[in-house]
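2 protein chains.
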Amino acid sequence: MSQTPIRRLDARAPEFMSTLDALLAFASEADERIDAAVSEILRAVRSTGDVAVVEYTRRFDGLDVASMAQLELPQAELHSALDSLPLVQREALMVAAERVRAYHERQKLESWEFAEADGTRLGQKVTALDRVGLYVPGGRASYPSSVLMNAIPAKVAGVGELIMVVPTPGGEKNALVLAAAAITGVDRVFTIGGAQAVGALAYGTQTIPQVDKIVGPGNAYVAEAKRRVFGTVGIDMVAGPSEVLIISDGSGHAEWVAMDMFAQAEHDELAQSILLCTDAGFIDAVHAAIDRLLPTMPRRETIAKSLANRGALIHVDSLEQACTIANRIAPEHLELALEDAEAWIDHIRHAGAIFVGHWAVEALGDYCAGPNHVLPTMRSARFSSPLGTYDFQKRTSIINISQAGAQHLGKVASILAHGEGLQAHARSAEMRLKD
Amino acid sequence: MSQTPIRRLDARAPEFMSTLDALLAFASEADERIDAAVSEILRAVRSTGDVAVVEYTRRFDGLDVASMAQLELPQAELHSALDSLPLVQREALMVAAERVRAYHERQKLESWEFAEADGTRLGQKVTALDRVGLYVPGGRASYPSSVLMNAIPAKVAGVGELIMVVPTPGGEKNALVLAAAAITGVDRVFTIGGAQAVGALAYGTQTIPQVDKIVGPGNAYVAEAKRRVFGTVGIDMVAGPSEVLIISDGSGHAEWVAMDMFAQAEHDELAQSILLCTDAGFIDAVHAAIDRLLPTMPRRETIAKSLANRGALIHVDSLEQACTIANRIAPEHLELALEDAEAWIDHIRHAGAIFVGHWAVEALGDYCAGPNHVLPTMRSARFSSPLGTYDFQKRTSIINISQAGAQHLGKVASILAHGEGLQAHARSAEMRLKD
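Protein chains in written order, with my numbering: chain A, 1 to 435; chain B, 1001 to 1435.
The set of hints was computed from the structure by calculation and includes no laboratory data.
Every residue, glycine too, gets a C-beta built ideally from N, C-alpha and C.
Take the hints with a grain of salt, since some may be wrong.
Some, not all, of what chain B presents toward chain A, calculated at C-beta under 7 Å [what the hints assert, rightly or not]:
1. 1073
2. 1082
3. 1094
4. 1098
5. 1268
6. 1270
7. 1401
8. 1416
Pairs of lysine-lysine, DSS-like flavour, derived with a Cα cap of 27 Å [as the list claims (entries may be wrong)]:
9. B/1434 <-> A/155
10. A/125 <-> B/1434
11. B/1173 <-> B/1108
12. B/1125 <-> A/108
13. B/1108 <-> A/108
14. A/173 <-> B/1434
15. B/1434 <-> B/1411
Simulated restraints on C-beta separations [what the hints assert, rightly or not]:
16. B/1284 <-> A/418: 40 to 48 Å
17. B/1059 <-> A/58: 49 to 57 Å
18. A/321 <-> B/1119: 28 to 36 Å
19. B/1075 <-> A/31: 26 to 34 Å
20. B/1343 <-> A/328: 48 to 56 Å
21. A/321 <-> B/1084: 41 to 49 Å
22. B/1407 <-> A/160: 55 to 63 Å
23. B/1091 <-> A/318: 31 to 39 Å
24. A/342 <-> B/1407: 31 to 39 Å
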């Protein structure tokens, strides 16, 4: 009998939907201690700039420097990090970067314009952001793939200057992260982190230029700081725990499904792996595979806790029912582990990314398939999209009205403005009328 | 001599940039009283649904009804509001709606996919949001044009159900707003408002279905409620005061410029109208026109306060300098009131909308030119875009990897996953390797 604790549910049970909702629920608690600390740090960085950033970096990261300039890494250091990598790692990073770049080239928005018969021309002008800040966590969660996924779309969009911040507690640097910065052409790198790094990017300091948008993952302090500076600058999103939903018809290999669930669960204890399967026997096989494979995993403790707390193996009646449930979950990652997977794509309305068929495992998308691995979490795929080139571009409406156009449109605008009680609006249109 | 109080600045003055920054600064103060009230209202709506909404609507809007159902307007009432309008107003609304629709059709995102040599297919699937809530303010700021600008892009995107909320304090309804709802095909209308309406849309009640995104302007309570429900649902933006920047070379009519500044200033005392002009004599003429025209305006008190508090007439050296300043301001609305306006479009990197030439007055864009009048305020045009069809669509990455593709990509993913210490990621890729 299977031993590993993980929920076994039946979608036909009367209380299933409320059980599911409870399983999905995740409240990112507001923590007053974090709020207060972040508020103070941002205030200090805003008022004293470099002085505050240097002081917090001394306090939190143990780096004792005389000035902010000493916290900037020269480009040569990034390139020597790249050169020092084993060839196989360097090549893997290069292949991944090139595939991500090629995919994101296709997302680039273009300006357009059209003319009307009376000479009026309307359009939409697309421009890149001037300057973007990229937050990269230090320590255990410092991932070179995250540098690729955030920096490449910014560069493809044509962002003028890309500034990376990465804390190096105790001075310890991650060679793979620096190499990824070199490959993607990050313009400047500062070894700072936490709320002080977010504040420095949002407000600018004597040394660090103010950016227009901040992207990249971080801990609770970083997330709260991003929330607070939003408006002064753009931000990407405040992500929740990572999730995968696998829909299976019992075809394929139970071990593959088990390992795909592990890959999600190994991120942290809050990560969520759910299987929806029409075949009760296959669910048993997956559970057995979990039992068999779990002891072999270096991160088995995290995996076990994640599966026990937030995982589920769910028996469904049909693939139609599985898709209905999937649309309710709106998962970050969805694997269609099906014999005829393509036929089911159109049944899915909400998901960050759909991995189609048994060969399309999430790990390939995490690193090198090409599409972005920064995806909407916590059911936000109902209304938001993967990070993309378009997040580093913006649109300006172009309204180029001819004299003839102003005659026609001016009368309409005048009537509607008077209807709204905005007489100056009406008069400014009427002044352009020739008759 | 000109009498109307408005700043006169010279861009050549040494302290000009800091004066400009102070003029642009606008702190939307956090108000603890509003925060606490909104927090309580949202909690009540979340826990008791219709009961809370009905009670708050009784308390705040003076509507005494027995059940939520009585707060829904039947479609017939929307259509009879449309039928009851004077013909000239009905036709103006129709023309505006059709032009807005035609422009927004061009913004529609389409799905795409491409194949690689080994059979791997990658793409991006675009879908509309299922259900959207549209907040429309009651009372003085209840604008039919706002219904058109928010509802039409949602409908063009293909949103399944569009639910409008509009408070009707004391039962007073705005016929133009209901007519605009009829024209744009709004699916359901509830006469509720404030934080309770935002909560009802975000969480759903027994009567009001939960939406996926909430758009539309509102007062400080509505803005705070939207900020708080963000994450549970998407929101458009929390807008600041409206602004116009006019760049003039002294060509055109001083009275047109003065009235265009009034049109912005009449919105409210915090609205901002700024002129940048290379011709000192023309600035004098604009100031004189302001003196002459102001007494004729019904909303002259608001206009005068807005111009005195936040307006400015600024003498610049050159149009190049004007564009540099414009890019720093990143205005919501930019009028290029220039002889050769088109030549200067490419000098502008940051603006919500650019009105090109003397005939392209902002009021036409506010009502009927076609582009959206919901634009980024408070310098956020540096990183964000006008409301558009794309705000009601979302993207899903499609990752369809062939068996051959999994061999090639799996090796790359495995190397990178091991580099990040994520062994289950690596194993899930390696399990698909055939050799």
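We went through each hint and held it up to the structure:
Look at residue 1073 of chain B: its Cβ only gets to about 20 Å from chain A, farther than 7 Å, so that hint breaks. Given hint, residue 1082 of chain B at the interface with chain A, is violated; its Cβ is 13 Å from that chain's nearest Cβ, farther than 7 Å. Taking 7 Å as the C-beta cut-off, the interface hint given for residue 1094 of chain B is violated, the closest approach to chain A being about 9 Å. Nearest Cβ of chain A to the Cβ of residue 1098 of chain B: about 10 Å, over the 7 Å cut. The hint is violated.
Residue-level restraint check for residue 1268 of chain B is violated (minimum Cβ-Cβ distance to chain A is 11 Å; threshold 7 Å). Taken as an interface hint, residue 1270 of chain B does not check out: its beta carbon lies about 16 Å from the nearest beta carbon of chain A, beyond 7 Å. The beta carbon of residue 1401 of chain B comes within 4 Å of a beta carbon in chain A, closer than 7 Å, and the hint placing it at the interface holds. Checking residue 1416 of chain B against chain A: minimum C-beta separation of about 5 Å stays under 7 Å; hint holds.
With a C-alpha separation of about 36 Å, the suggested pairing of residue 1434 of chain B with residue 155 of chain A is violated against the 27 Å cut-off. A distance of roughly 49 Å separates the Cα atoms of residue 125 of chain A and residue 1434 of chain B; the hinted pair therefore is violated under the 27 Å criterion. Annotation: proposed proximity of residue 1173 of chain B to residue 1108 of chain B is violated, straight-line Cα distance about 33 Å (limit 27 Å). Annotation: proposed proximity of residue 1125 of chain B to residue 108 of chain A holds, straight-line Cα distance about 15 Å (limit 27 Å).
As the CA atoms of residue 1108 of chain B and residue 108 of chain A are separated by approximately 15 Å, the hinted pair is consistent with the 27 Å bound. Note on residue 173 of chain A and residue 1434 of chain B: the hinted pairing is violated, with a Cα-Cα distance of about 36 Å set against a maximum of 27 Å. With a C-alpha separation of about 11 Å, the suggested pairing of residue 1434 of chain B with residue 1411 of chain B holds against the 27 Å cut-off. The supplied range of 40 to 48 Å is broken by residue 1284 of chain B and residue 418 of chain A, whose beta-carbon atoms lie about 31 Å from each other.
The hinted window of 49 to 57 Å between residue 1059 of chain B and residue 58 of chain A holds, with their beta carbons roughly 53 Å apart. Taking the beta carbon of each, residue 321 of chain A and residue 1119 of chain B are about 30 Å apart, inside 28 to 36 Å as hinted. Between residue 1075 of chain B and residue 31 of chain A the CB atoms are about 47 Å apart, so this pair departs from the stated range of 26 to 34 Å. One distance hint, 48 to 56 Å for the beta-carbon pair residue 1343 of chain B and residue 328 of chain A, holds here, with the actual separation near 54 Å.
Between residue 321 of chain A and residue 1084 of chain B, the C-beta spacing of about 48 Å keeps the proposed range 41 to 49 Å intact. With their beta carbons about 39 Å apart, residue 1407 of chain B and residue 160 of chain A fall outside the hinted range of 55 to 63 Å. Range check, residue 1091 of chain B to residue 318 of chain A: Cβ separation about 52 Å, and the 31 to 39 Å hint is violated. Separated by about 20 Å at the C-beta atoms, residue 342 of chain A and residue 1407 of chain B break the suggested range of 31 to 39 Å.
In this structure, the hints that do not hold are numbers 1, 2, 3, 4, 5, 6, 9, 10, 11, 14, 16, 19, 22, 23 and 24, in rising order.
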